[in-house]
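Protein chains: 4
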Amino acid sequence: MIYFRSDYSQGAHPDVLSAIVSTNLEHTDGYGLDPHCERAGAMIKELIGDESVSVHFMVGGTPCNVTFAASVLRPYQSVIAARTGHIYFHETGALEGTGHRIVTVEAENGKLTPALIDRALEEYQDEHTPEPGLVYISQPTELGTIYQKDELETLYAKCQEKGLLLYIDGARLGSALTCRQNDASIRDIARCCDAFYIGGTKNGALLGEALIIKKGLDDHFRFMIKRQCGMLAKGRLIGVQFEALLDGGENSLYYRLAAKANELADILRDGLSARGIPFVGASCTNQLFPILPAGVVRELEKEFFFYEWSPEKDGLIPIRLVTAWGTERSDIDAFLTRLDELLQ
Amino acid sequence: MIYFRSDYSQGAHPDVLSAIVSTNLEHTDGYGLDPHCERAGAMIKELIGDESVSVHFMVGGTPCNVTFAASVLRPYQSVIAARTGHIYFHETGALEGTGHRIVTVEAENGKLTPALIDRALEEYQDEHTPEPGLVYISQPTELGTIYQKDELETLYAKCQEKGLLLYIDGARLGSALTCRQNDASIRDIARCCDAFYIGGTKNGALLGEALIIKKGLDDHFRFMIKRQCGMLAKGRLIGVQFEALLDGGENSLYYRLAAKANELADILRDGLSARGIPFVGASCTNQLFPILPAGVVRELEKEFFFYEWSPEKDGLIPIRLVTAWGTERSDIDAFLTRLDELLQ
Amino acid sequence: MIYFRSDYSQGAHPDVLSAIVSTNLEHTDGYGLDPHCERAGAMIKELIGDESVSVHFMVGGTPCNVTFAASVLRPYQSVIAARTGHIYFHETGALEGTGHRIVTVEAENGKLTPALIDRALEEYQDEHTPEPGLVYISQPTELGTIYQKDELETLYAKCQEKGLLLYIDGARLGSALTCRQNDASIRDIARCCDAFYIGGTKNGALLGEALIIKKGLDDHFRFMIKRQCGMLAKGRLIGVQFEALLDGGENSLYYRLAAKANELADILRDGLSARGIPFVGASCTNQLFPILPAGVVRELEKEFFFYEWSPEKDGLIPIRLVTAWGTERSDIDAFLTRLDELLQ
Amino acid sequence: MIYFRSDYSQGAHPDVLSAIVSTNLEHTDGYGLDPHCERAGAMIKELIGDESVSVHFMVGGTPCNVTFAASVLRPYQSVIAARTGHIYFHETGALEGTGHRIVTVEAENGKLTPALIDRALEEYQDEHTPEPGLVYISQPTELGTIYQKDELETLYAKCQEKGLLLYIDGARLGSALTCRQNDASIRDIARCCDAFYIGGTKNGALLGEALIIKKGLDDHFRFMIKRQCGMLAKGRLIGVQFEALLDGGENSLYYRLAAKANELADILRDGLSARGIPFVGASCTNQLFPILPAGVVRELEKEFFFYEWSPEKDGLIPIRLVTAWGTERSDIDAFLTRLDELLQ
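Chains E, C, W and Z, in that order, give the protein sequences.
So that you can map any letter, position 90 of the first sequence is 90 in this note's numbering, and since no number is skipped, the others follow by simple counting.
Each number in this note's numbering comes from the position in the second sequence (counting from 1) with 1000 added on.
Each number in this note's numbering comes from the position in the third sequence (counting from 1) with 2000 added on.
Each number in this note's numbering comes from the position in the fourth sequence (counting from 1) with 3000 added on.
A few of these clues could be false.
[Claimed, not checked] Listed next, the in silico DSS-like pairs over lysine-lysine satisfying Cα-Cα at most 27 Å (straight line): (1) C:K1162 <-> Z:K3215; (2) Z:K3215 <-> W:K2162; (3) Z:K3162 <-> W:K2313; (4) C:K1162 <-> E:K313; (5) E:K214 <-> E:K260; (6) W:K2313 <-> Z:K3215; (7) W:K2260 <-> W:K2215; (8) E:K215 <-> E:K162; (9) E:K215 <-> W:K2162; (10) E:K162 <-> C:K1158; (11) C:K1214 <-> C:K1045; (12) Z:K3214 <-> Z:K3149; (13) W:K2158 <-> Z:K3313; (14) W:K2045 <-> W:K2149; (15) W:K2313 <-> W:K2045; (16) W:K2214 <-> W:K2260; (17) C:K1313 <-> E:K313; (18) Z:K3149 <-> C:K1215; (19) C:K1313 <-> E:K158; (20) W:K2215 <-> E:K162; (21) W:K2149 <-> W:K2162.
[What the hints assert, rightly or not] Across the chosen pairs, the derived CB separations fall in these ranges: (22) Z:L3121 <-> W:K2149: 51 to 57 Å; (23) C:D1219 <-> W:S2310: 56 to 62 Å; (24) W:T2154 <-> Z:L3121: 48 to 54 Å; (25) Z:S3018 <-> E:T337: 34 to 40 Å; (26) W:P2114 <-> Z:D3247: 53 to 59 Å; (27) Z:S3018 <-> W:P2114: 54 to 60 Å.
Treat the hints as calculated values from the structure; they're not laboratory data.
This structure is a prediction, so every number in the text was calculated from the model and none was measured.
Every residue, glycine too, gets a C-beta built ideally from N, C-alpha and C.
Could you put together the complete structure from these sequences and hints?
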């Protein structure tokens, strides 16, 4: 079985695992208060060119999203997000579990725009409706598309004009940063939001994400982590991995792993396009959403492991194919070869 | 200033107030554990022809909606509602404040349908998305439209098929019950849902609603009322009013007050229609949403008090006019007369 | 049956009810945005000598306690209270329902002291424990005792030193203000805390409390009221009652009703003491907690309605007797006479 | 610096780490739906002799405690715990964050008893107080003491009699199971509660705990894990470790590591006792709470890393010393030697 199921089907990249192994018997203090987390935090501050932020190493993406929002919002405030956004679509209402509404908008290609923020704000009128306090986006989006630098700038300007915080979910941030169409560096990302995270789980780590919070928005955040059940006893485990991932900045393993996944995705995408296969959305990152005949999908599923993205309609099924640092060129070739056989 | 602002701009109907006055010096036990609440509850059970329900007298509509949902849902469950529904649109996220999502659907005329429920259910896939547990509708809807009996039956059948509870917000239930187009009696309402409330505040009471819960869904509900801050020390105050309102069943004050408000609304509606004024939606109850030229609205506002329902667009403003038991025929005439002057 | 059950067993004082009746047919805007609430608010500001506060009219005491705490606390913060405090003991965990802990201390006579606050703070060490943010007391306490002026000053100074807000539950504030032993005026109360409420329900109103919040702690409070399900459509109902209750300031109905209840309580207390009956605690207000032989209690219950305060122990039962504005001197006499018969 | 700070200061035991390394490049499905979690779950079911339970692999202890309680309790229900219990004392109010109260009792040696449960239940009277629904204990307790088999049986019988669920926090369960004084096997543990967890983090794992839930109490639990932000993408990471830890049942690494830590703790305890050092509580597991002169503590802190357990009093400071699988006999000797020097 060849996996295009997700970018978290394997363990850690071997270099990351080596770092875990080589530091394993060190004694450190717990809960992220250790030299590894401190060094990894310093590396991130340097990478984004901002010493004033605070960095927290978190166990997963949902904890990042929910803990930050719950920390900065007053109880009557809401979050604006695309209806396809992960915080709405794949987190089992964890955000609402902290008492806040997600105001959803239908967003083409999964991307919010200033006009969509205005539309969401129209629902807010007075004390009888929740007040939007935070805008949630992800880079790339759930549909694999990315925000260009000017789009991020415009969006952030809109948020600031309206008194909204902007949060960027970076579960696959590496994939956006190293995507051919991308023109927004990590410094642009950091500049154009109030908080974001650098996703480790989907790009080489066993687990862990690095949450970066702008100065002034971090008050008592470690209390919030613990209160939201997200504090890891052996917190250095995540610090150690980010040290390994980010060593070298924009030439680091983090960038190289994401670039490799993107390159393989591009080959697969080009191969599918060359065969006339249409796609859902305009992903340019490591997730592809080709639409295939149902019969072909059923056959492919015998050899390849992937998600059906939405139910069969008119004999067609959109599927999701994901590449990762561990994907091999031969996996791509095998898929296209089998597809050719099935399409004949 | 003539009020078409709401159906809660005056105090209680004089007959209701008389009941409060005449029982004022009685001593009773608190928290709704008194003979008046008991009698009013018995009257309701008789009216709906179901002795097995439980009846709770609540301080307001939002407490009814939120307390019931919070009581019957598990933490990971959500509520399905029209985006225009009161629980979504005018309760400041009180439902989400208890940790549950509202899954919204765009609903024509504010009315849910089995097809819209299916659409909402499509979002629910597995443990990564909240599981819908309750469907919220109101009778009439926020837009003044009503569900016909067969629509309620179909909707409830759909809910039961899908394992969903159906809840009916009856803030203006009287207006639906006495509307000319209506064919659903209160027994039909009671039969076609798992819980509903008979709204007092907007139909003659100082405050208070009667929440009716089907057998088996009432477990520890009084604990929930108190935990949600909704238990009234002098609870009999609401029981006393419902005794006065419901005495006589379908010939009671409750029905007569609502019928009067509807009649005046019909006169106003017919008058506006006769003048070629278009409406938002197809309300047949005591709320009207005429669309008037902005200049006319500005002038009317000097003499009449009402809501602008949505922002000016293309020189037009939809407004909301509400009639109530205290509205006078002369109020209607004055409005139409002034309108004629302004439209000349 | 003679009621010593509570101070909310009757409706409103006739003068308060008259105010409701005489304003009943006025049309006003809803949700407390009406001239009556405005005037009542102005009267309160004058009474406490502070124009800078904000005043909100609330449906009950629990909504006051919970809405204020939920509004000012960050999610990881807790409330310090006596284990006997109403917020802990009689609100079904409503405060915890908003996500906050109540840190309880055993408090003699139900009264917090600076030393007890220190004890509660000892539990707070770092990010692994909730940070106390608010101290809850009531005046009088659940046991009917009161804080003297210097005690309030000392407590508030302690709170300010420790970065804690101080909140005073005034469900029976009138009883404290008019108690013979009291030396703290309502201006002292207002000066020695960050928020408090003047309880109407237990001193002549049908329902309603006036919550007073110091400047700077009121941000978006109306959103919080609505989000916590506490906003009353016909909000002027509470404003009207407070106008009637507070007209005349310290000579107003509010003070006179409470004073009457206290006087009758004093007569009853003296009568019981003269008969050698011991009490739980040292109440000096309108609640008494005499400890009587179980057999006597059983007999008294046939003619008088009151709470057994705690379970029978060693043949004795502490009961609670409450006087109110509607209690008659003859009720007291009847109780003492029957007691004499039973004690023979 | 020699660490007696905690049993989570190092990474994983080398054998556990080997298992992670050797399975690292396997592709599996995510979120704990993989063969490793399945096998580890089966091993646990065999170990406890109950096929009917469900096993969930969780990221940490607080997520276990909070997710289970939030899943089984109705909103108005509370948890009973010792005031020293981890759920109260070291989880930043995470449980209250889900809306439930912790009713605390003062418990000698950190241990609940049937009598203490009765005391907690006394606070519960009716709908004005939260209803206790769950009893939380840990084995061993926060103070290192353990429940004997008959104590667990009696406690569980009491819970069942009172309609309470019993939950056992097993963060250090290995230490209890292998303690010389212990007579309760893991089958006894499983038999005497409704849910418990086998702690990995503090006994050889990088992270992870195995939560075991009795049949019928597991409904939609995976939804709850996700909703509480506790679902790990690479969930097999925890399954892999428990396979390594539990292979061999009662002769497994899990038992051997805990036994080693206990043996070293015993040596240290005996050494301290021999020197006349008193202890806080009667710990018989891998945590010791000796009380030392403040001056000695200050000197020891220069070479050894440990917690001061409570503030200095009368010149004495209680400290916490923890042994773990990675503690060396030479660490113990060094400590006692240095202590002798300081005590001279």
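Checklist entry - Which of the listed hints are not met by the structure? => result 2, 5, 6, 7, 10, 15, 16, 17, 18, 22, 23, 24
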